[in-house]
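Peer 1: One line per chain: the protein sequences are A and B, in this order. Take any residue in the first sequence, note its place counting from 1, add 648, and you have its number in my numbering. Take any residue in the second sequence, note its place counting from 1, add 648, and you have its number in my numbering.
Any given hint could turn out to be false.
You can't tell identical chains apart in this list, so a pair holds if it fits in one copy or across any two.
[Claimed, not checked] Straight-line distance between alpha carbons at most 20 Å, and here's what the computed EDC-like set of lysine to aspartate or glutamate pairs gives: (1) K803 - D695; (2) K788 - D715; (3) K674 - E766; (4) K956 - E872; (5) K788 - E835; (6) K863 - D823; (7) K954 - E872; (8) K722 - E859; (9) K838 - E759; (10) K677 - E766; (11) K968 - E872; (12) K677 - E773; (13) K838 - D916; (14) K674 - E762.
Hint data in this document are derived by calculation from the structure and do not stem from the laboratory.
Protein chains: 2
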Amino acid sequence: MFESKNPQRTPISELGEFGLIDQLTKNTKINNANTALGIGDDAALVDQGTHYTAISTDLLVEGVHFDLSYVPLKHLGYKSVMVNLSDIYAMNGTAEHITVGIAVSNRFPVEALEEIYEGIHLACERYGVDLIGGDTTASKSGLLISITAVGRVEKDAAARRSGAQDNDLVVVSGDIGGAYMGLQILEREKQVYLENPEMQPELNGHEYILERQLKPEARKDIVELLKGLEVRPTSMIDISDGLSSEVLHLAKSSNMQFNIYENKIPIDPSIYSLCEEFNLNTTTVALSGGEDYELMFTIPISEHDKIKGNPNLTIIGYVKEGSGANLITRDEKVIELKAQGFKHHE
Amino acid sequence: MFESKNPQRTPISELGEFGLIDQLTKNTKINNANTALGIGDDAALVDQGTHYTAISTDLLVEGVHFDLSYVPLKHLGYKSVMVNLSDIYAMNGTAEHITVGIAVSNRFPVEALEEIYEGIHLACERYGVDLIGGDTTASKSGLLISITAVGRVEKDAAARRSGAQDNDLVVVSGDIGGAYMGLQILEREKQVYLENPEMQPELNGHEYILERQLKPEARKDIVELLKGLEVRPTSMIDISDGLSSEVLHLAKSSNMQFNIYENKIPIDPSIYSLCEEFNLNTTTVALSGGEDYELMFTIPISEHDKIKGNPNLTIIGYVKEGSGANLITRDEKVIELKAQGFKHHE
Numbered sequence: 649m650f651e652s653k654n655p656q657r658t659p660i661s662e663l664g665e666f667g668l669i670d671q672l673t674k675n676t677k678i679n680n681a682n683t684a685l686g687i688g689d690d691a692a693l694v695d696q697g698t699h700y701t702a703i704s705t706d707l708l709v710e711g712v713h714f715d716l717s718y719v720p721l722k723h724l725g726y727k728s729v730m731v732n733l734s735d736i737y738a739m740n741g742t743a744e745h746i747t748v749g750i751a752v753s754n755r756f757p758v759e760a761l762e763e764i765y766e767g768i769h770l771a772c773e774r775y776g777v778d779l780i781g782g783d784t785t786a787s788k789s790g791l792l793i794s795i796t797a798v799g800r801v802e803k804d805a806a807a808r809r810s811g812a813q814d815n816d817l818v819v820v821s822g823d824i825g826g827a828y829m830g831l832q833i834l835e836r837e838k839q840v841y842l843e844n845p846e847m848q849p850e851l852n853g854h855e856y857i858l859e860r861q862l863k864p865e866a867r868k869d870i871v872e873l874l875k876g877l878e879v880r881p882t883s884m885i886d887i888s889d890g891l892s893s894e895v896l897h898l899a900k901s902s903n904m905q906f907n908i909y910e911n912k913i914p915i916d917p918s919i920y921s922l923c924e925e926f927n928l929n930t931t932t933v934a935l936s937g938g939e940d941y942e943l944m945f946t947i948p949i950s951e952h953d954k955i956k957g958n959p960n961l962t963i964i965g966y967v968k969e970g971s972g973a974n975l976i977t978r979d980e981k982v983i984e985l986k987a988q989g990f991k992h993h994e
Numbered sequence: 649m650f651e652s653k654n655p656q657r658t659p660i661s662e663l664g665e666f667g668l669i670d671q672l673t674k675n676t677k678i679n680n681a682n683t684a685l686g687i688g689d690d691a692a693l694v695d696q697g698t699h700y701t702a703i704s705t706d707l708l709v710e711g712v713h714f715d716l717s718y719v720p721l722k723h724l725g726y727k728s729v730m731v732n733l734s735d736i737y738a739m740n741g742t743a744e745h746i747t748v749g750i751a752v753s754n755r756f757p758v759e760a761l762e763e764i765y766e767g768i769h770l771a772c773e774r775y776g777v778d779l780i781g782g783d784t785t786a787s788k789s790g791l792l793i794s795i796t797a798v799g800r801v802e803k804d805a806a807a808r809r810s811g812a813q814d815n816d817l818v819v820v821s822g823d824i825g826g827a828y829m830g831l832q833i834l835e836r837e838k839q840v841y842l843e844n845p846e847m848q849p850e851l852n853g854h855e856y857i858l859e860r861q862l863k864p865e866a867r868k869d870i871v872e873l874l875k876g877l878e879v880r881p882t883s884m885i886d887i888s889d890g891l892s893s894e895v896l897h898l899a900k901s902s903n904m905q906f907n908i909y910e911n912k913i914p915i916d917p918s919i920y921s922l923c924e925e926f927n928l929n930t931t932t933v934a935l936s937g938g939e940d941y942e943l944m945f946t947i948p949i950s951e952h953d954k955i956k957g958n959p960n961l962t963i964i965g966y967v968k969e970g971s972g973a974n975l976i977t978r979d980e981k982v983i984e985l986k987a988q989g990f991k992h993h994e
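Next up, chain A with everything else stripped away, as it sits in the complex (with noise of 0.2 Å):
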């Protein structure tokens, strides 16, 4: 009835996901004096005068994020949570509040949204997180979640992506790929399943993987950890698209070189034999795997001793002048990163 005037049509994924947000974003005028942070970190900051509010969005849609053929109600309910406190954290804040809008087609009961409230309410009672506010509407098909994760961030410790500096320690926490492999995993036996109903799924023995993909934990603990060593990170960004994309996230927006050691890649055990099943390069799996939701950061070379140790902290790399980031490997090679992950979301 009302046509576009503008007759160009660009695919989507011509610019894929960051070059599609740049575009979009690229006219932003930012017009309060409080705006400390906008577009462009893991979450934007508000001076709220003694201290900052962090707040960040993200949605979950069904088909693109989730299958529920695989996933539990419930668990995708505490992961939407999990994926979006995950966003606070990486700004070294405490999460406090969120709030849940959800669109769902008439194909879920009220019972279905009650199990993914519970998954919710789940994780904000672990978290020490007040969900406050949100929107239950109609869709037309599927199912979407979008949270808004707000939280508070002390002036003296925000961690934004744009702090590294020269000689710093690149690092990271718990181990990386995890939930990649996990993901591998429920496709296989949705295949055999979907070939054969009778069949019982086959995941004995992968509960460590298949949690990191259905149930992740975003890392508060880090941040407390990091408060009680008194380590102030000089950037911070969380992984959920691959450490690749993240590595090449906090290179950019600090102007800085990462270089990563391959070889100091945090990567579960059971990985490299599960990898080897299913024909994949563990590396591979770590730097483009996505949704593992643990935290990277560079630090001081002069804090080296706080973390040297510590089991739930690996060194992977350093920071120096310069641009873009690259991954030495088993064999010295120096091998130029780049993006992955249009899957996931920041």
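Mind docking chain B on chain A? Use the hints.
Peer 2: Relative to the frame of chain A, chain B by itself:
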């Protein structure tokens, strides 16, 4: 593959929107001392020490809240922001920030998203609001916009739904019912167009109500007006679902009875003849139509002189001890008001 253990299947429609929200959020616990107001108002309030931060989330779903056969994308972007800012103004606050989540299928080119963002940027600029974050993701079908609005509310100005007092006056801004009649015109012209795509839509003469539907303005000016007049509303809500539903929200939250005079409800003159044409009752349209995004609030009767004669404000009734809400008709009958408005969001 994983079946739900819960065999019950209650259709969502059985509970209705507000019943569903009550059901899902009844187990919500508050963990943080700074949560000043949680679920159940236009926005939540977080105590920042010197002031409150108001936070509200609303979803707009294609095929549920908007029909792209007659909603231009730029208007959609603009309206999405208005719907959310309106919730902050309904707390008697100043909207300062938004995050925008968009889920979009590959049916839409980049240029479509650019048009939506044009509307978002325009709204931000006009209302002094900063776009500080968000998420853009694929969807399996259709378009969904999720906006979270964040604002500042002075502690001594915050207007909750729950504060109405015995003898207060009930006041609305602007006029009511226009957005709904705009929708009727658009739906009618859509039918004409579907039957004969050669026909041009007959929209002339309906500019006011079409603008009310397609490009509503949130009443930031009313919040400023009240501040200038030194009037602090005892309770406030925005009119998104229709007057009837909103009056009942205030009555229930305040634990008071609301009495509305039919002949005081402000209705634009153009709506009378149009209602006749559509065989609709103007009062029904005002009570149940929705999407006007005007503000309704209560003030102590002692403040009457401050607002008397103001062309932006109309006194439509009064509050007294009791419960529920009544319409006092033109012929002085008293009719109990019932809720409507599952269609739209809070």
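Peer 1: Would you mind marking each hint as holding or not holding in the structure?
Peer 2: Verification of the hints:
When the C-alpha separation of K803 and D695 is checked against a cutoff of 20 Å, the pair qualifies both within a copy, at 9 Å, and between copies, at 17 Å. Proximity of K788 and D715 under a CA criterion of 20 Å is satisfied in both settings, with 17 Å inside one chain copy and 12 Å between copies. In this assembly of identical chains, K674 and E766 lie within 20 Å of each other by CA distance solely across copies; the values are 11 Å between and 39 Å within a copy. Proximity of K956 and E872 under a CA criterion of 20 Å is satisfied intra-copy only: 17 Å inside one chain copy versus 56 Å between copies.
Proximity of K788 to E835 under the C-alpha cut-off of 20 Å is restricted to the inter-copy arrangement: shortest distance 19 Å between copies versus 26 Å within a copy. For the homomeric pair K863 and D823, the shortest alpha-carbon distance inside one copy (15 Å) is at most 20 Å, but the shortest distance between copies (49 Å) is not. Taking the shortest Cα distances, K954 and E872 sit within 20 Å of each other inside one copy (14 Å), while across copies they are farther apart (52 Å). Proximity of K722 to E859 under the C-alpha cut-off of 20 Å is restricted to the intra-copy arrangement: shortest distance 13 Å within a copy versus 42 Å between copies.
Taking CA atoms no more than 20 Å apart as the test, K838 paired with E759 passes in neither setting, with 24 Å inside one copy and 37 Å between copies. Taking the shortest Cα distances, K677 and E766 sit within 20 Å of each other only across copies (12 Å), while inside one copy they are farther apart (39 Å). Taking the shortest Cα distances, K968 and E872 never come within 20 Å of each other, neither inside one copy (28 Å) nor across copies (51 Å). Taking CA atoms no more than 20 Å apart as the test, K677 paired with E773 passes between copies only; the shortest distance there is 8 Å, against 37 Å inside one copy.
In this assembly of identical chains, the alpha carbons of K838 and D916 never lie at most 20 Å apart, being 24 Å within a copy and 58 Å across copies at closest. When the C-alpha separation of K674 and E762 is checked against a cutoff of 20 Å, the pair qualifies only between copies, where the shortest distance is 11 Å, while the shortest distance within a copy is 40 Å.
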